[in-house]
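Dock chain B against chain A, hints included.
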Amino acid sequence: MRVCCGLTAHLELARRPDLYGTPVIVGRWDEHVVAASEETSAFGVLHGMALRQAEHLCPQATFVLPDEEAVVRIRELIAAALYDLAPVVEVRDEGIAWLDLSGVTNPGQSIRAARHRLLRAIGREPRLGLAPGPFSARLAAARARPGRLLRVADAREFLAALPSRELPLDAEQRERLDLLGLRTLGAVASVGPRELESQLGRDGRHAVLLARGLEPDQLDAWRPPLFTSAHRQFGEPVEDREALLFVARALCGDLADELGLRGAGAKHVRVRLIFDSTESEKRESIVRHPLSSATELFGLIGSWIKEWQPRAPIAELWIDLPVLEAAGRRQLRLWAGGDGSSEEVTAALERLQERFGDVIWQPLPA
Amino acid sequence: MQAQNLELAIDSIRIRFGSQALTRAAELPPPRPWPSGTAVDRLTGIGGLPRGRLALFTGNGTCGKLSLGLSLLAGATREFAHAMVIDGGGFDPWTLTSFSPELGALTVVRAPAPEIAGEAAATLARAGAGFLLLMCEIPEHWLGPLESGANRSGTVVVGVIDAPSRALAHASSFSLGFSRSDWIWERGQLVGLRASARCVKNRVAPPLSETELEIRYPLSAQPLTDYTPRINEAPIQVIEMESCASAVV
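Residue numbers (my numbering), protein chains in the order written: chain A, 1 to 366; chain B, 1001 to 1249.
Chain A on its own, in the form it takes in the complex (with noise of 0.2 Å):
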């Protein structure tokens, strides 16, 4: 295994980049501290202390209340900005994107690459540091300068002078640690992890384990989430089908531009109509062979406005993609020549005949 990490701010932090090079803080009242920034770190405002106290430690910080799902979509706009340049990618919320680049031809290029991309997302040059699995590449990365790369050859040699508390435990753990005079990860790697464990349980085990730079821990690959909507809300409900038609053809281009850099297909079409009055009515269908164009998303949908009687003039269009069919299946379809199933076909066939109506005609054998 080839790692590497970039490290970058708390994704909480990367919300607001006008607050860059100042001492912020985030985290709910009475609760504790979610994130803080490098500056606010001399005045000893550690994570997960009680934000009273940071407040105290560091009255001159700004205070951001937490936003959970700012932060999620950060987090997967990284990763998928990442998403080609490793076979795996894992990106965390304390600002951390791991590359596995076993097996890439260039990594550094991939390293490269991912550098501007970190710095593009989140707006601050991100630490890297490449190591032979993700601990040891973490720790390599946070002794890095920002924009730049330490690479580690030999994991144990470079963990063994860096202290034990960086190793996953907690308060207490570390605590036992310091008693047993386990000070340095060298130290951790020297004891048998049968001892630690009698001491720290299953964690100790761990401990050990990371600290002999064996890399215990294996990323958990982030996949592109497999579902997709585009909706349009109208000024003015809309009556006209022409109308509808045209934005619907417009939200199915934009569907189909997403589909085609995830490299999916979609397995089930939906769309819904929402009135002025909340009420909606929605089609949905299930399509054996999976639609990702433009031309053949708006085919069904298209033929499905053509026909529909909404009861009231339409607020909304919403077109959902619930089960896309991952990329991985449909890349091994499109270079497995003359595979052609009966099945696929006889999809296509219906698909043609939802579409222009009665233009399929099957003569029987007398």
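Calculated from the structure, these hints are not laboratory results. Watch out, some of these pointers could steer you wrong.
As the list claims (entries may be wrong) - Calculated lysine to any residue pairs in the SDA-like style (CA-CA distance at most 25 Å, straight line):
id: 1; chain 1: A; residue 1: K267; chain 2: B; residue 2: I1013
id: 2; chain 1: A; residue 1: K267; chain 2: B; residue 2: R1016
id: 3; chain 1: A; residue 1: K306; chain 2: B; residue 2: R1110
id: 4; chain 1: A; residue 1: K282; chain 2: A; residue 2: R311
id: 5; chain 1: A; residue 1: K306; chain 2: B; residue 2: I1013
id: 6; chain 1: A; residue 1: K267; chain 2: B; residue 2: F1017
id: 7; chain 1: A; residue 1: K306; chain 2: B; residue 2: P1114
id: 8; chain 1: A; residue 1: K306; chain 2: A; residue 2: G357
id: 9; chain 1: A; residue 1: K306; chain 2: B; residue 2: P1112
id: 10; chain 1: A; residue 1: K267; chain 2: B; residue 2: R1152
Only a predicted model underlies this, so the values are computations on that prediction, with no experimental measurement involved.
Positioned in the frame of chain A, the structure of chain B alone reads:
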């Protein structure tokens, strides 16, 4: 920089979807033939109609191209699970019966507009229909999807068109030009025609082969057991041209 980006994109696709996900054109295998058992096999130069490519039969008026197309279609219904006809309005399925087709495998798509014909052809080729007989023009913007769809699935696509548009002629990989040389009369009754079929374009093998065909019309209903092929290669006169120039339409 662009080349680097392209290489990076190719690498990522290969990493994610396997080394065979992208293939360079030069590494692609040659077109596989579908032996139809007719004279066309020899004219293509590869022993059959090329799978995944568009073949065109052209010629003005009554010259035998439709008869040959129907003969291929009937053969296809016996060999493929799905043989399709994209009909622009001139196809009478009962003319096919004299070629003893397997009707269970035949589907006719009536396409009142070229747009429908284009979409139907591209969709069916992509889905993997075994054989596709085009009886009408295909709009230019559907030719790309049709070609790529057929290429991926290996569909045999044959177009029977009097005078194809430039785009269709360009999209074809193999074109046969038909011209009637003579009618065949027996006992004062018209029973068939003689036609010459000349390869005017061939992307899968050296072009410029030619042959004479004798096409006999069905005169009455005939039991299947008495079935004989109605298209015969008349005394074969293969004209070998001296220079092997390209015959791109």
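How the hints compare with the structure:
1. A:K267 with B:I1013: Judged against 25 Å, a Cα distance of about 23 Å means the pair holds.
2. A:K267 with B:R1016: OK: A:K267 and B:R1016 at ~22 Å, within 25 Å.
3. A:K306 with B:R1110: 21 Å, holds
4. A:K282 with A:R311: Distance ~12 Å between A:K282 and A:R311 Cα, so the pair holds.
5. A:K306 with B:I1013: 39 Å, violated
6. A:K267 with B:F1017: Distance ~20 Å between A:K267 and B:F1017 Cα, so the pair holds.
7. A:K306 with B:P1114: Holds. A:K306 to B:P1114 sits at ~20 Å (cutoff 25 Å).
8. A:K306 with A:G357: Status holds; Cα separation ~12 Å.
9. A:K306 with B:P1112: 19 Å, holds
10. A:K267 with B:R1152: 21 Å, holds
In summary, the one numbered hint that this structure violates is 5.
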